[in-house]
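Asks: Sequence:
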Amino acid sequence: MTQQTLFEIAPRFVNRSTKMVTFQGKLDLPIHRWYRLTPSFSPRLAADIALEFKLNENDFVLDPFSGVGTVPLCMKHRGIPSCSVEINPYLHFVGTVKTKTYSDLDAVRDVLLDFSTSAERELNRLPDERQAENFLAENAAFVPALHNVRRWWSPGNLMQLVCLRRLLLAYKAAPDLHDLLKLGLLAILIPVSNAKHNHVSLTFAETPLETVDVAAILRRKYAEMLYDLEAVRKLPQAEVAVYRGNSRFLTAVLPKSRRASAVITSPPYPNRFSYARETRPHLFFFKFIENAEAVGQLETDAIGGTWGRATSVLAAGVEPKNDVVRSQLSPYVKNIHPKGDLMASYVTKYFNDIYDHAEQTSMVCEERCRLAYVIGNSKFYDQPLPSDEILGAIFQHFGFRLDRIDKMRKRQSKSGLYEAVVFMSR
295 MTQQTLFEIA
305 PRFVNRSTKM
315 VTFQGKLDLP
325 IHRWYRLTPS
335 FSPRLAADIA
345 LEFKLNENDF
355 VLDPFSGVGT
365 VPLCMKHRGI
375 PSCSVEINPY
385 LHFVGTVKTK
395 TYSDLDAVRD
405 VLLDFSTSAE
415 RELNRLPDER
425 QAENFLAENA
435 AFVPALHNVR
445 RWWSPGNLMQ
455 LVCLRRLLLA
465 YKAAPDLHDL
475 LKLGLLAILI
485 PVSNAKHNHV
495 SLTFAETPLE
505 TVDVAAILRR
515 KYAEMLYDLE
525 AVRKLPQAEV
535 AVYRGNSRFL
545 TAVLPKSRRA
555 SAVITSPPYP
565 NRFSYARETR
575 PHLFFFKFIE
585 NAEAVGQLET
595 DAIGGTWGRA
605 TSVLAAGVEP
615 KNDVVRSQLS
625 PYVKNIHPKG
635 DLMASYVTKY
645 FNDIYDHAEQ
655 TSMVCEERCR
665 LAYVIGNSKF
675 YDQPLPSDEI
685 LGAIFQHFGF
695 RLDRIDKMRK
705 RQSKSGLYEA
715 VVFMSR
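Per our numbering, the sequence shown starts with residue 295, numbered consecutively.
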């Protein structure tokens, strides 16, 4: 029996290894490896989609869920102009720094070495770790305003990070170079913390991390960054712009001068993962966000937001915004609702937001365009939710054709879960 068009599969996108789909595919790639975000996808997947679409320098690619800038960085080094949108201010910073072109590598080398040397000198002057609490009290103005900050870092490591924060805030360098220094420091926050990447979300180790040589870890990170910039200097350096904004309001974020000929992206999966929660230490370390209330608002505004204030919004109940969303969700939400009103509201809000996003996407793309959305399905109380199919159906409402859905790999968190790429066009 011939399969339906919806489930036709191209050899390039099925039975892919974990490394070919997930963040693991960027751990050994220049620049992509600078900062680890577990729920992000492989640069190889983005590159393969670009090949599938036969994109070239005359195209313009949009990623409305930029994350750590995987898609625009891939497109840049393939010579394809691109832009992306990111709501999280820290992740916007990461994507911006990673996709910039650093032409004067001698200046980069000098600044990284100079700050590394200064950092090592200052950290060597710190008191013994047994005096860490006294140091932190004396430098309270430089301690990140993160709730329960000592849960994140042992006193000796927090003392070193506070010293580096104070040093970098006073350090003079060109803005682009200062941002490189900042990203390098932010990239080591978790490796020197009590948090671990044992699951999709960060978890805290049972035993706090002992005091480590933070200066040495930072020096290695800066050496890696310089090595990577030298490794890519002969690759194409296409135009890239990373915009801060909400993908539900793309027309208010993106310039009207150019429309996208292709969209390559991976929206948050409807699995209650919180990007705001995952990046809390980074958001507060250099004040990308002011307070816990602002973090709660960020989570509420984000598609798939579920943590903090967003939970209160869901608890009040959420209804489908129109018949399109209602008709797509009714076969599934009715089975979730009796077991958990909060989860039913979460699913409804998620696809209400996807509807808004799809409408906006239709307005910022060229009349002829191609779309690839990487997304995973979900389960709530053992009730399956085919997120890929629902997303495709919502986009069809705005004039896009659903070409096919390729199920790329099984996920290990629960049985029956998979990651797929939804191919659409108009």
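Treat the hints with care, since some could be wrong.
What the hints assert, rightly or not - Cut-off 25 Å, straight-line C-alpha distance, at most; resulting in silico cross-link-like pairs (DSS-like, lysine-lysine): (1) Lys490 <-> Lys476; (2) Lys615 <-> Lys394; (3) Lys490 <-> Lys528; (4) Lys313 <-> Lys466; (5) Lys348 <-> Lys581; (6) Lys490 <-> Lys394; (7) Lys313 <-> Lys628; (8) Lys581 <-> Lys466; (9) Lys394 <-> Lys528; (10) Lys581 <-> Lys313; (11) Lys490 <-> Lys466; (12) Lys704 <-> Lys313; (13) Lys490 <-> Lys581; (14) Lys490 <-> Lys348; (15) Lys476 <-> Lys466; (16) Lys628 <-> Lys615; (17) Lys628 <-> Lys394; (18) Lys490 <-> Lys704.
Think of the hints as simulated: they come from the structure by calculation, not from any bench.
Treat the numbers as computed from the prediction; the structure is a model and nothing was measured.
Asks: For the pair supplied as a hint, Lys313 and Lys466, is the alpha-carbon distance within the 25 Å limit?
Replies: Between Lys313 and Lys466 the Cα gap is close to 39 Å, so the pair fails against 25 Å, i.e. violated.
Asks: Take a quick look at whether Lys615 and Lys394 sit within 25 Å of each other, Cα to Cα.
Replies: 39 Å, violated
Asks: CA of Lys348 to CA of Lys581, is that 25 Å or under?
Replies: Between Lys348 and Lys581 the Cα gap is close to 41 Å, so the pair fails against 25 Å, i.e. violated.
Asks: Does the alpha-carbon distance linking Lys490 and Lys581 stay inside the 25 Å limit?
Replies: 23 Å, holds
Asks: Can you confirm whether the C-alpha distance between Lys490 and Lys476 stays at or below 25 Å?
Replies: 22 Å, holds
Asks: Decide if the proposed pair is consistent with the structure: Lys704 and Lys313, CA atoms, cutoff 25 Å inclusive.
Replies: Measuring from Cα to Cα gives roughly 13 Å; hence the hint holds.
Asks: Hinted pair, alpha-carbon criterion (25 Å max): Lys581, Lys313. Please report holds or violated.
Replies: 33 Å, violated
Asks: For the pair supplied as a hint, Lys628 and Lys394, confirm whether the alpha-carbon distance does not exceed 25 Å.
Replies: Not satisfied, since the Cα-Cα distance of roughly 47 Å exceeds 25 Å.
Asks: Does Lys628 pair with Lys615 here, judged by a C-alpha cut-off of 25 Å?
Replies: Satisfied, since the Cα-Cα distance of roughly 16 Å is no more than 25 Å.
Asks: Between Lys490 and Lys704, is the straight-line Cα distance small enough, at 25 Å or below?
Replies: Judged against 25 Å, a Cα distance of about 24 Å means the pair holds.
Asks: Could you grab the alpha-carbon distance between Lys581 and Lys466 and see if it respects the 25 Å cut-off?
Replies: 18 Å, holds
Asks: Straight-line Cα separation of Lys313 and Lys628 no greater than 25 Å?
Replies: Since the Cα atoms of Lys313 and Lys628 sit roughly 36 Å apart, the hinted pair is violated (cutoff 25 Å).
Of the numbered hints given earlier, the model fails hints 2, 3, 4, 5, 6, 7, 10, 11, 14, 17; all others are met.
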